[in-house]
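**Q** Listed below, chain by chain, are the residues.
Protein chains: 2
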Amino acid sequence: MTKIVECVPNFSEGRDKEKIEKIISVFEKHEKIKLINYEADTDYNRTVVTLIGEADAMVVALLDMVEIVMNEIDLNNHSGEHARMGAIDVIPFIPISGITMSECVTYVNVLAEKISDIYNIPCFMYAEAAKEEKRISLPNIRKGEFEGMKEKIKLPEWKPDYGKQEIHPTFGVIGVGARDFLVAYNIDILTTDEKKTGSFAKAIRQSSGGFQYIQAGPVFLENKGHTQVTMNILNFKKNPIYRIFETVKMEAKRYHMEVPSAEIVGLIPKDALIRSLKYYYSVDDIEFPEDITLHEIVRMSERYLKLRDFSVDKIIEYFL
Amino acid sequence: MTKIVECVPNFSEGRDKEKIEKIISVFEKHEKIKLINYEADTDYNRTVVTLIGEADAMVVALLDMVEIVMNEIDLNNHSGEHARMGAIDVIPFIPISGITMSECVTYVNVLAEKISDIYNIPCFMYAEAAKEEKRISLPNIRKGEFEGMKEKIKLPEWKPDYGKQEIHPTFGVIGVGARDFLVAYNIDILTTDEKKTGSFAKAIRQSSGGFQYIQAGPVFLENKGHTQVTMNILNFKKNPIYRIFETVKMEAKRYHMEVPSAEIVGLIPKDALIRSLKYYYSVDDIEFPEDITLHEIVRMSERYLKLRDFSVDKIIEYFL
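Residue numbers (our numbering), protein chains in the order written: chain A, 1 to 320; chain B, 1 to 320.
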């Protein structure tokens, strides 16, 4: 089975279109890598790239990216609102299909070792790839940023996982990690009452006693005239969408508020939808068709999960 | 408003009935304290006492209890399956009504200071009353038990919060703390399938990604011929009963399993029931009667929360 990962490298240039496109163009020659999109933020002066492809090919493509970024960006001349410690600041691998988290960790270790060997750029392993408790959190590693890292990296406790205890003079250092797929999910509540919508967010989010892998808050959508519970699902296996959707509907019943629809922001893996559709199929006593097509998944997600503005090109597997 | 607390001291004698009754009898003369029950366990060689009453009176009653236990129990001659570090091993205060958690913490500090001053028994503050992160967990403090505490208490990091760095030669030391009320709650599932019932427990419990203050597991009731999701609710304000009940019903729908009833083990504060009844009243569009009687609360809890074997003497306020 082909090992498919998503990779979301962030590089420190969000203003100079020519440079951005030169960097992005590096992925064109990699046939087994699909560029899903890239978003340049001028305030942040940073660009977020979303790639999907075979894990081996991803390692090769990233090495090419490091080379071109090294030629294009000098962090000594960089300023922006987003914290950064490298010209490519962070490279996370996310398992999509045919690959486990632990295999992803192996791949990013190979990648980090090559980056430090070939380009002399130190790498810190973070998230699931962290080798120490205090390196799980990327902001913890990044504290002090490019400027402070010159000294920080010399401290015994901040020795990089790969490379010398000396930053690359123009590139800095990179955070290389592996993490689960994060689903950005919003549930529409037909009310203007942001406080009550906030109470639904509190019911489900970890920080208020709710589900462990949910970050959530209320938001009022000016153009639509109603509120949403807006959230990140950090682990869709342990906190499946249907459970969140049904719990919010249950809470909203208290105030007789309608919950007519929901939306996925960005991409979602097929598996995250199937896990939830299976719940509704079982409730309706229908056998789940194991050969279900992506188009059928879309239709059923609209029906059961009430997803609006949804289409096949929001499902990661569509690009494979 | 009268400040009412529950207190659940555990003492290290569960076999000698005469001694146990002598110790328990100390509460008779305290008019503002109600002895709810006591359960002696012969394997544990330990007795759990449940008291309810005014916070000031509780402090006085506990000091009397310490004195009588000091005369009756010598830990040098004690063995049992339950870990223990004191003749009274633990004294937790639980806010019930008219008192905040922070006031409870003040009361237990007063109590611990008096115990160490008057009886020369060192006290460690735990749970909400802990003065250090690593003392929040009682088992952490108790590690090594009575026998090991002789040396452990001399270590700088295990200096007791009150008293000298030397255990009482026959009594040992006491863990004195404050915590939230713990609701022991079980939901009946009409199936013999413990695995599926286990999947409902996983959906709601903290350790598997569920609600923050829920500990839960499946159990098969031989005499009833069906399973239960059995659980502790560690914070009924943040994880109200109705939310847990409705989430389990939602999960059970998947397998078309009936969820006909639930039960409270031991006591429950009125507030925990009212918080959940209010949800169902709102769903049914009925105004909640603020002057609701305990008997009416029982009837409505049977109706909405499907509580079986429930009666007013399971509600703490019945004893006040």
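Read the hints as simulated data drawn from the structure, not as lab findings.
Just so you know, not all the hints are guaranteed correct.
Mimicking DSSO-like on lysine-lysine, the simulated pairs with C-alpha atoms at most 27 Å apart in a straight line are [as the list claims (entries may be wrong)]: (1) 237(A) <-> 196(B); (2) 202(B) <-> 270(A); (3) 278(A) <-> 195(B); (4) 278(A) <-> 150(B); (5) 196(B) <-> 238(A); (6) 159(B) <-> 202(A).
**Q** Look at each hint and say if it fits the structure.
**A** Verification of the hints:
Simply put, residue 237(A) and residue 196(B) have alpha-carbon atoms about 17 Å apart, close enough for the 27 Å limit, and the pair holds. The hinted pair formed by residue 202(B) and residue 270(A) meets the criterion: a straight-line CA distance of about 23 Å does not exceed 27 Å. As the CA atoms of residue 278(A) and residue 195(B) are separated by approximately 18 Å, the hinted pair is consistent with the 27 Å bound. Taking the CA atoms of residue 278(A) and residue 150(B), the gap is about 58 Å. The hint is violated against a cut of 27 Å.
Straight-line distance between C-alpha atoms of residue 196(B) and residue 238(A) comes to about 16 Å, which keeps the hinted pair within the 27 Å bound. Only pairs whose Cα atoms come within 27 Å are accepted, and residue 159(B) paired with residue 202(A) is rejected, the gap being roughly 39 Å.
Violation of the numbered hints given earlier is confined to hints 4, 6; the remaining hints are satisfied by the structure.
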